[in-house]
Amino acid sequence: MRVKRVLVAAGMTLRELSRGRVALGLAAAVPLLFFVVAGLVSSDRDITVRLAAAPGADPLSVDERAQSFVFLAAAAASVIGAFMAASLVQRRVGASRRLVLCGYGAGELIAAKLLVLLGIVGASAVYTGALVLALVRPDRPGGVMLGLALSCLVYGGYGLLTGTLLRRDLETVFALLMLINVDAGWLQNPIYYAGSRSRWLIESLPGHWPAQTSFLAAFTDHPIHRAAFTAAGYGAVLILLAFGVYSLRMRVRR
Amino acid sequence: MSPGSPGLPLLEARGIEKAYGRTAVLRGASFQVRPGEIVGIVGENGSGKSTLLRIVAGLLRPSGGTVRLRGRLGYCDQEPLLFPLLTVAEHFRYFASAYGLRDARQWQDTKRMLLDRFGYARWEHTMAEHLSGGTRQKLNLSIALLHQPELVVLDEPYLAFDWETYLRFWDHAAELRAAGRAVVIVSHLAHDQARFDRLLALREGVLQCA
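Protein chains in written order, with the numbering used here: chain Z, 1170 to 1423; chain F, -9 to 200.
Be aware that one or more of the hints could be misleading.
[To be verified] Sample of chain Z residues facing chain F (criterion: CB under 8 Å; computed from the structure):
#1 V1177
#2 A1179
#3 R1184
#4 R1219
#5 A1221
#6 R1261
#7 G1263
[As the list claims (entries may be wrong)] Which stretches of chain Z does chain F cover? Using the computed rule of at least three CB atoms under 8 Å from a CB of chain F, they are:
#8 1284 to 1292
#9 1299 to 1306
#10 1411 to 1423
Just so you know, the hints here were simulated from the structure itself, not pulled from any lab data. Cβ coordinates follow ideal geometry from the N, Cα and C atoms, glycine included.
Next up, chain Z with everything else stripped away, as it sits in the complex:
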């Protein structure tokens, strides 16, 4: 693997991403839209929630609007990560295989895409984090940002996997929306957790540990490292699986 070739591929991928201005604009609009809706429909009352990552702790009393902003920031980071990651691997498959035929190693293209994905994760965490910090005063802002980065990373892994397994845009849109809606957009809201009859289902979904990281950091002084490491592990497994499938799709005989 040559570092220079990886950097060239990462640079070209970034250029392509940066030229999809409508897509970038829509990605930037996702958290704004979520926050506007949450600001309009949520109330100032305190609600009682229980966090899965703090099992022994007393139920928390938190401001409903602040809780909604943190929850929706994680959902927005998940949406951005999933769709942008899927586009990294699903589009231009023929041209990418041509690059491999001409001499690129599949591993070099994968390393380039991983670099770009990490850039997306960082940018998404800073952007959604800055928006949420403008609206909420969390106990540990850095932990909230970390949770948002992990939401983007884990769903980035899911987006990569979906994008490598499915070949058409519409199939990918449905596959991504189904899980993101049910998981990051619904079940990871802590108000559903306390009364759930199937907590194992909520805890096994990809959005769980990243969201828990953000909630713990925003509303408690409970350590976040276990939730953060579990989320990072979840994301790493998804990314490894995705790139395994991608390298099979890139196979050529030289």
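Take the given structure of chain Z and dock chain F to it, following the hints.
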């Protein structure tokens, strides 16, 4: 012995078989290409010409048979395999990196020659999605030629070319032949046929001299 030495074929395909499900497309196609040859492959639509070239290039795995290549290969698919949001110049840069071309001056000279020869230098900084079909095809072909390969395998490379570019393409092919390189072209055009040193017809999955 260098890849272009007389006598040794640059390409040997033996007994190539390929089936899609129960439909056999290639049933033991065999051919050789020697340095300094321009070989044409003709056949009806769906006869397996593109499949054969994709197998030769390494994009498809044959169900049976072997392909042996000597020297560098340049491959141009009939469908332009490009990145729509990258410019022409960025494509050259990207594929120069893929080919491992370290001498920037040399590949930049080749790029300039290809841009001038095929008449699309003014589109150098235009994104591929904004190019006409013919210009995309010129870029598709130029990428296959950028590393100055010994063997060039082209699948209907000039269908969208204007007449002048079409003639320039054949001038370029003649220069490659004179330099001891070889060119394999899938063609549908009847008036091409006098330009080939050998013409092979793909019928019922087998190659025959036409």
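Hints, verified against the model:
Because the beta carbon of V1177(Z) sits about 4 Å from the nearest beta carbon in chain F, less than 8 Å, this interface hint is met. Checking A1179(Z) against chain F by beta carbon gives a least distance of about 11 Å; that is not within 8 Å, so the hint is violated. For R1184(Z), the suggested interface contact is upheld, since its CB lies about 7 Å from the closest CB of chain F, less than 8 Å. At a threshold of 8 Å, the smallest CB-CB gap from R1219(Z) to chain F is about 47 Å, leaving the interface hint violated.
For A1221(Z), the interface hint is violated, the least distance from its beta-carbon to any beta-carbon of chain F being 42 Å, above 8 Å. Proximity of R1261(Z) to chain F holds as hinted, the smallest CB-CB distance being about 5 Å (cut-off 8 Å). At a threshold of 8 Å, the smallest CB-CB gap from G1263(Z) to chain F is about 5 Å, leaving the interface hint in force. Counting residues of the region 1284 to 1292 of chain Z whose C-beta sits closer than 8 Å to any C-beta of chain F gives 0, which falls short of three, so the coverage hint is violated.
For the region 1299 to 1306 of chain Z, the stated coverage by chain F is violated: 0 residues have a C-beta nearer than 8 Å to a C-beta of that chain, whereas at least 3 were required. Only residues whose beta carbon comes within less than 8 Å of a beta carbon in chain F count, and the region 1411 to 1423 of chain Z has 3; three or more means the coverage holds.
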